[in-house]
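Asks: Going line by line, the protein sequences match chains X and Y.
Residue numbering for the first sequence follows this note's numbering, beginning at 3 and increasing consecutively.
Residue numbering for the second sequence follows this note's numbering, beginning at 2 and increasing consecutively.
There could be a bad hint or two in this list.
Unchecked claim - Some chain Y residues near chain X, calculated using beta-carbon distances under 7 Å:
hint: 1; residue: LEU20
hint: 2; residue: THR61
hint: 3; residue: GLN85
hint: 4; residue: GLU88
hint: 5; residue: GLN138
To be verified - Covered by chain Y, according to a simulated footprint, are these stretches of chain X (three or more residues, beta-carbon under 8 Å):
hint: 6; segment: 259–270
hint: 7; segment: 295–304
What the hints contain is simulated information worked out from the structure, not anything from laboratory work.
C-beta atoms are modelled at their ideal positions from N, C-alpha and C, and glycine is treated no differently.
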Amino acid sequence: MNEEIRRVTGIILCAPLTRRTVRELLYCGLGGLAGVAGFWITIVMLALGLTISASILGTVIGLLLLTLALRVSRRLGALHRRLAGWLLRYRVEAPPKFQPGTGILGRLDKRLRDRAAWRAVSYSLIKLPVAAVQLYATTTACIGLVDITYPVDWVLFRHQATGPMVVVFPFPFSGTFNVYGFAGTYLAALAGVVCVLAGTWLARAVNVGDRRLVRALLGPSSMAERVSELERTRTLAVEDSAAALRRVERDLHDGAQMRLAALAMNLGMAREKLDDDDATVRELLDAAHRNAVDALADLRDLARGIHPPALDNGLPSALATLAASSAIPASVSADVGSRPAPAIETIAYFCAAELMANAIKHSYANQIKINIFTERSGVLCLEVTDDGIGGADAARGSGLTGLAQRVSTVDGHLELSSPPGGPTTVTVKLPLRA
Amino acid sequence: MRVVIAEDAALLREGLTRLLEDRGHSVCAAVTDGDALLAAVAAHQPDVAVVDIRMPPTHTDEGLRAALTMRKAFPGTGVLMFSQYIETSYSAQLLEGGAAGVGYLLKDRVANVAEFAAALERVAGGGTALDPEVVSQLFRASRQRGGLATLTPRERQVLALMAEGRSNSAIAAELVVSGGAVEKHVASIFTKLGLPPDESDNRRVLAVLHYLGSPA
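Let the sequences and hints guide you as you build the complete structure.
Replies: Right, dumping it as structure tokens:
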């Protein structure tokens, strides 16, 4: 037990002599000053921005001031993060970079909804009392250091002088006291030691709280923000892959397909010009010609599977073409208001194609109905119904599982209704934007 | 035969030019986009234009849109659409104003030089040249809707004239009947072919395609 007490006392007394204390006190000083300045900058800009924007004429200037305040807060937040990293060795990741919107209103809107900046604003405001304590801690420690030097000062400078030495003792209800002799300077030095110890431990304590604030308000966002960030990047990924497929189809169209068509044409022309008696050459030329035409047909099917060109004119048009080439009579009714995102259109199209292929393969249907419409809630609804034998089961490893997975990449879902004896209806619901 | 070609791929443009000139036709202009096509047709007044559907700047259906404008502005000039794909909606738009002087072929068909040239000549002469795939698609789309067999001889006559791209009043003049009578026949044809009025498809086109798709 004694051992323990001695150890703790040792830690408490020796703490001021560590490097960490120097850094913590430096952080309190610099961070405290920055905190006070940041508080006033932020509060003045916010107050001005809010007051001005409340008047009709000043709205524009007020909003601009507000956005400026938000930008400045982000910068101040970065400064505090850096100080904490440098002096407290407490590294907090920066929140996600600001994503500017498009258009003047879009940019303004994005700025005003920048949650990371608003969190930085709240840090600036909460920081004021924290900064006050931090500055107090640093000041106390500094004064303590001065007090400790009094015996030396007395010997060096005051041995001839008259009058007392004033000792600052920055604790409540004390303030200053006077020392009249060399012996008294030991009391001053003792007071200095107390100040240094108090400053040190006060700094450590307040920095623990400040670390928490930095983490909570200047660090990466909360879970909800993280989710929305992931959603945004997923949308980008989905759209990017749709655009990539479209590009591949276009490259095929302008490249290989065009060259093959020209090749087939040239072979056809060559065939026409050939003398009839050259049987071997004609045979070879015929074979080459046939191969070119077949390759062209293969390539067309391939390209259509990558990105059906009819999708450029919207889903109804592409589905009409799809239905027209179906082996079972298929009809399409479409009522799509605003056009969905290209990625969504592509998913809906391939769902329809897959569901039709399923119906043709398994259902013994005589008729397929494709119905596509937008629900009022902004959901794209695709219904594929056949009058076949029914009894389809998503669990039994049909293509439906794959479809459901594909649909779920954009938060869509798939419902199957297929009682034995039919009819089978598959409903796919997709958001209008990925 | 005087021809204007609109095709953005140089290889095909030059190949087509050569193919047609080899067969003694004259290619007045070979252009690369829709606007240039309209200008060339206005300048040269050709018998027929061969038009690629996908052309700059958007590479979707510029060719088709230019062709539709051209059909309105220069009804005497035939249009042969030429594409890597057959799209039902394109066929329907193209045939909306009647099937006379209209063609829609896959680019593959140019491999059979003689057939391609014959198709082009047919279109230039006011006839029709539809790719077998176009016909099968459109016919399949409407085949479940009853057959031509139920039509009366008079209704068949009217349908045949519709397929030539004639308006109701022109049909009335040809058959020496009143406009009202033709309208009645047309309505009856729609009913018998199962083309109810609430449908968004162009019923006239579908009726014509019924006609085109059935062996006479």
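Asks: Each hint: holds or not?
Replies: Results of checking the hints against the structure:
1. Because the beta carbon of Y:LEU20 sits about 6 Å from the nearest beta carbon in chain X, less than 7 Å, this interface hint is met.
2. Interface hint at Y:THR61: satisfied, since its Cβ lies 4 Å from the closest Cβ of chain X, which is below the 7 Å cut-off.
3. With a cut of 7 Å, the hint placing Y:GLN85 at the interface with chain X holds, because the nearest CB-to-CB distance is about 5 Å.
4. Because the beta carbon of Y:GLU88 sits about 5 Å from the nearest beta carbon in chain X, less than 7 Å, this interface hint is met.
5. The criterion of a C-beta within 7 Å of any C-beta in chain X is met by Y:GLN138, whose closest approach is roughly 4 Å, and the hint holds.
6. Under the rule that three or more residues need a Cβ within less than 8 Å of chain Y, the assignment of the segment 259–270 of chain X holds, with 10 such residues.
7. Here the segment 295–304 of chain X counts 4 residues with a CB under 8 Å from a CB of chain Y, which clears the bar of 3, and the coverage holds.
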